[in-house]
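Protein chains: 2
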Amino acid sequence: MPDRISLPHGADAVPARSWWGWGDPGQALPDAECAELAALVPGAAGTALPVPSIASLELPPVRVSAPRTLAHLVSGAPAVRAGHTYGKAFRDVVRALRGDLAAAPDLVAFPREERDVVDLLDWASGADVAVIPYGAGSSVVGGVEYRAGSHSGVLSMDLSGMGRVLEIDRVSRSARIQAGALGPVLEAQLRPHGLTLRHFPQSFAFSTLGGWLATRAGGHYATLHTHIDDLTAALRVVTPAGVSESLRLPGSGAGPSPDRLFLGSEGTLGIITEAWMRLQDRPAHKASASVVFDRFPAAVDAVRAIAQSGLHPANCRLLDPGEAALSGVAGGGGSVLVLGVESAHRPVDGRLAELVALARDHGGSPAESAPAAGDSAAETWRSAFLRMPYVRDGLARMSVISETFETACTWDRFPELYEAVHRDVGAAVRAATGAEPIINCRFTHVYPDGPAPYFTVIAPGRRGSEVSMWDAVKAAAMRTLGEHRATVTHHHAVGRDHRPGYDRQRPEPFALALRAAKQALDPAGILNPGVLFDPAG
Amino acid sequence: MPDRISLPHGADAVPARSWWGWGDPGQALPDAECAELAALVPGAAGTALPVPSIASLELPPVRVSAPRTLAHLVSGAPAVRAGHTYGKAFRDVVRALRGDLAAAPDLVAFPREERDVVDLLDWASGADVAVIPYGAGSSVVGGVEYRAGSHSGVLSMDLSGMGRVLEIDRVSRSARIQAGALGPVLEAQLRPHGLTLRHFPQSFAFSTLGGWLATRAGGHYATLHTHIDDLTAALRVVTPAGVSESLRLPGSGAGPSPDRLFLGSEGTLGIITEAWMRLQDRPAHKASASVVFDRFPAAVDAVRAIAQSGLHPANCRLLDPGEAALSGVAGGGGSVLVLGVESAHRPVDGRLAELVALARDHGGSPAESAPAAGDSAAETWRSAFLRMPYVRDGLARMSVISETFETACTWDRFPELYEAVHRDVGAAVRAATGAEPIINCRFTHVYPDGPAPYFTVIAPGRRGSEVSMWDAVKAAAMRTLGEHRATVTHHHAVGRDHRPGYDRQRPEPFALALRAAKQALDPAGILNPGVLFDPAG
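Chains as they are written, first to last, in my numbering: chain B, 33 to 569; chain H, 33 to 569.
Hint data in this document are derived by calculation from the structure and do not stem from the laboratory.
Owing to the predicted nature of the structure, the values given are computational and were not obtained by experimental measurement.
Ideal Cβ positions, reconstructed from N, Cα and C, are used throughout, including at glycine.
Honestly, I wouldn't trust all of these hints.
Partial chain H-side listing against chain B, Cβ under 10 Å, derived [to be verified]:
1) Asp201
2) Val203
3) His259
4) Val269
5) Arg280
6) Gly283
7) Gly287
8) Gly296
9) Leu311
10) Gly382
11) Asp444
12) Asp481
13) Pro483
14) Thr519
15) His522
16) Arg547
Go ahead and model the full structure; you've got the sequences and the hints to work with.
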């Protein structure tokens with residue numbers, strides 16, 4: 033079939049990445065800007081924590097060495113180890129700024145092909161070396177950090193050298209892609225074919241396909257096919273017990289889905305090396321609008337009506353009054369609903385008009401609307417959105433506690449959950465910091481049966497106690513979510529930080545089954561110990 | 033919340049059901065009609081196999097008895113055991129007609145509440161009694177038949193006494209429903225609330241929610257939310273290791289999905305007793321049209337364009353020339369595409385017009401179109417569709433081999449698969465029966481990345497050898513699907529009949545994980561032994 037294309041090697045350049053904070057080191061906020069930000073948070077520290085030089089870092093000694101046949105794939109260089117010690121949670125950034133790298137991996141491996149992954153796992157299984165699969169390290173849940181285990185050594189397995197689109201099936205609109213492909217890298221390889229994976233998590237530029245798959249990532253789009261789960265047609269996974277390759281299929285009813293066991297397994301059952309992904313034609317028609325509501329509950333009702341309307345907006349981001357003010361799209365206590373529609377095939381203005389009409393029926397006032405070019409609330413929002421992780425790092429340098437937690441619940445439970453977060457998480461922040469927190473909420477995704485609310489909590493912290501304060505906020509968040517039957521995570525994954533909430537949420541018989549599956553696939557217990565399960569032994 | 037409604041007991045009357053063949057015994061074809069049908073198949077037998085009287089049946093002796101506390105829940109009556117011996121595959125019907133009931137369960141249990149299921153499993157686990165979960169027995173893959181095991185006894189667990197909608201959450205458009213609810217029974221309880229599960233497999237009237245969940249059923253609709261998997265918000269499952277209850281959520285990224293392990297587990301990991309299901313508003317707008325194509329490949333291209341268009345037709349059923357002729361919707365060698373659109377909220381004529389235009393772009397000729405009332409090809413098709421199982425039984429009584437097998441593959445593989453089925457399965461039928469088969473195909477579901485083709489194979493059989501001939505056809509079908517990387521089943525499930533194809537398709541590491549999960553949840557190995565796994569011991 034002529035539409036099946038084999039792609040040449042290339043296009044897999046990995047961009048420079050901050051070793052201590054988010055993304056591009058060139059975009060980190062300068063000290064003066066950190067201080068300006070902190071001035072908006074009454075009680076915040078007056079000076080920024082300095083960023084230590086890599087030369088000044090003290091790393092624990094390397095305890096293991098790779099066999100000669102694999103030595104060319106691994107590095108024990110301090111800068112490399114430092115950059116692979118943590119993910120990008122607030123507590124990670126603060127610990128890195130303090131130069132606390134006690135958890136650094138002994139070695140970092142850079143496999144170039146699947147065979148390397150197999151060989152590295154073989155060695156690690158025999159040598160009692162824990163293996164932490166690493167895409168681009170964007171985890172905000174302690175997913176890539178070795179913690180409190182007793183292995184002989186720790187290897188971070190960085191897949192970024194495996195970033196190619198290997199094959200495109202144009203007829204079936206699918207591609208076989210290596211797991212180490214960063215978002216921009218894979219999109220660049222699909223674009224010439226008029227195709228897109230159309231999966232844009234906030235971390236897009238600094239996260240990989242394999243990471244999205246392992247953590248069940250949610251994309252940017254609010255409805256329909258936005259979860260990586262639904263875009264997956266087949267997986268190749270290297271486990272210590274062998275390579276698992278599922279059949280690429282549009283649908284199947286042959287037993288429980290093999291892919292769904294590995295999706296969300298967070299590197300504990302195997303290392304995803306390739307996937308066949310379902311692609312889409314690139315959108316040719318786009319329109320967006322924003323609607324302001326005086327009352328937040330009315331806005332929630334409007335969003336519910338939209339989610340149940342079958343109109344499938346690409347964007348349906350509701351910002352509560354605090355969030356709208358913070359991101360600069362509206363002041364005055366209103367809630368803002370940013371709506372977007374897209375299509376590769378037909379004009380979308382009619383659909384946008386229907387969506388806006390539904391919002392108006394529920395008391396919304398269209399703020400402005402510019403279907404051809406997008407509207408300015410949407411653009412203000414988008415640029416604020418992409419800048420958020422850098423802002424969070426700037427706040428961390430000012431010892432301002434910043435925690436984001438995201439969830440999903442059914443519509444009937446949302447009003448009480450929203451109240452409880454303000455009341456109970458608010459109380460926990462006050463108890464931990466002595467200060468009044470900012471608590472904001474937006475919806476990242478909406479479903480016919482419920483929203484995915486994303487909460488931001490900000491409060492001035494005490495210098496030196498940032499991590500324990502953040503831990504107290506996180507614990508309160510998990511407790512509140514559990515009490516209101518909301519999931520401990522909608523798309524950030526479980527990692528190590530969400531374990532208490534996850535352990536309460538996971539049905540016990542399912543936990544038994546999953547532990548048994550883990551034992552069968554990873555009998556030596558080397559794969560990402562502490563994530564999803566307690567480390568064995 | 034006022035929209036949360038507790039429903040009274042009731043509406044769970046179970047209709048009369050044929051013990052040997054499909055569905056309503058009153059709709060079985062009379063002898064004369066069987067003979068008329070067979071006259072259309074050159075070489076078919078001239079007289080119908082008689083239907084044995086229940087009184088004449090010889091059943092094996094009952095080997096086990098339930099403890100006194102559970103005795104009121106079980107029956108060992110011959111008619112009850114006979115009706116629970118088989119599913120409804122061709123080979124099941126033929127064996128029943130021959131009075132071969134050697135595989136009859138010792139006892140049939142009718143639990144009335146979840147506690148009964150727990151108690152029955154406790155007893156069975158301790159007494160080495162195999163338990164076959166039974167919804168309404170519509171399996172066509174040997175899913176409810178005890179076969180070749182060495183247990184001390186066999187209990188068929190009939191859930192039909194647990195058929196209530198327990199709770200409706202109108203705000204989140206969801207309902208908590210007992211697993212034993214038959215299709216019409218659950219829809220009758222949802223209708224007064226303006227809601228529908230909108231899941232209509234061909235077996236709808238004689239299958240249950242629990243059966244749909246356990247086998248990953250496909251609904252009637254061609255695109256979007258038609259699979260039971262996607263309609264499931266939470267499951268309650270009784271396993272020998274405890275009751276698993278997942279949190280009802282619109283979405284979650286907390287580890288691998290617990291529900292997706294049980295969906296498709298076919299009664300081997302536990303017995304589903306309840307589920308929270310996502311509902312939809314009842315459609316208020318419907319339109320359909322049919323389009324005729326001279327060339328089948330052009331019709332396939334049209335359907336692919338439609339599946340990738342984002343128009344989400346409710347119906348997109350492509351009948352190849354043989355299927356179109358057989359079901360009476362068109363003669364003359366044309367292929368027929370039946371299109372349907374539905375919406376609860378807005379007119380659908382524009383969407384239908386776009387779909388028809390796409391079909392026309394690919395060389396189709398609209399046959400007729402009556403958007404207000406449906407069109408006659410669609411209605412002819414629908415009534416033929418619902419009558420098909422009765423026709424199949426009539427053919428079985430005339431010793432005409434009739435096998436339907438369904439699959440899914442990517443678009444790039446379909447043309448070769450279609451040819452291979454005609455060539456290789458055709459050759460297998462000729463070798464087994466000495467006759468020229470009829471081989472037809474339709475698409476039941478379509479996805480952006482591929483279709484779900486459904487093949488029908490009909491050939492005159494030799495009286496007395498029907499089962500072995502059917503087995504030969506089934507084996508050839510599985511082999512051909514596997515060779516062309518098509519799934520062994522898209523929505524009929526694996527059961528016992530599809531094991532050879534499933535075992536080849538299932539990735540070995542996933543098989544290891546699944547067996548370990550089975551061992552953890554069902555250590556005594558009593559749950560549906562032989563399905564998905566070899567029986568232990």
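Here's how the hints hold up against the structure:
For H/Asp201, the suggested interface contact is upheld, since its CB lies about 5 Å from the closest CB of chain B, less than 10 Å. Proximity of H/Val203 to chain B holds as hinted, the smallest CB-CB distance being about 5 Å (cut-off 10 Å). Because the beta carbon of H/His259 sits about 7 Å from the nearest beta carbon in chain B, less than 10 Å, this interface hint is met. For the restraint placing H/Val269 at the interface with chain B, the shortest Cβ-Cβ distance is roughly 7 Å, inside the 10 Å limit, so the hint holds.
Below 10 Å, beta-carbon pairs count as interface contacts, and H/Arg280 has one with chain B at about 6 Å; its hint therefore holds. Because the smallest distance between the Cβ of H/Gly283 and any Cβ of chain B comes to about 5 Å, under 10 Å, the interface hint for this residue holds. Against a cut-off of 10 Å between C-beta atoms, the interface hint on H/Gly287 holds, since the closest Cβ of chain B lies about 5 Å away. The criterion of a C-beta within 10 Å of any C-beta in chain B is met by H/Gly296, whose closest approach is roughly 4 Å, and the hint holds.
For H/Leu311, the shortest C-beta to C-beta distance to chain B is roughly 9 Å, which falls under 10 Å, so the interface hint holds. Interface restraint check: H/Gly382 against chain B, minimum CB-CB distance 9 Å, threshold 10 Å, status holds. Interface hint at H/Asp444: satisfied, since its Cβ lies 5 Å from the closest Cβ of chain B, which is below the 10 Å cut-off. Checking H/Asp481 against chain B by beta carbon gives a least distance of about 4 Å; that is within 10 Å, so the hint holds.
Because the smallest distance between the Cβ of H/Pro483 and any Cβ of chain B comes to about 7 Å, under 10 Å, the interface hint for this residue holds. Taken as an interface hint, H/Thr519 checks out: its beta carbon lies about 4 Å from the nearest beta carbon of chain B, inside 10 Å. Annotation: interface hint on H/His522 holds; nearest CB of chain B at approximately 6 Å, less than 10 Å. Against a cut-off of 10 Å between C-beta atoms, the interface hint on H/Arg547 holds, since the closest Cβ of chain B lies about 7 Å away.
Of the numbered hints stated above, none is contradicted by the structure.
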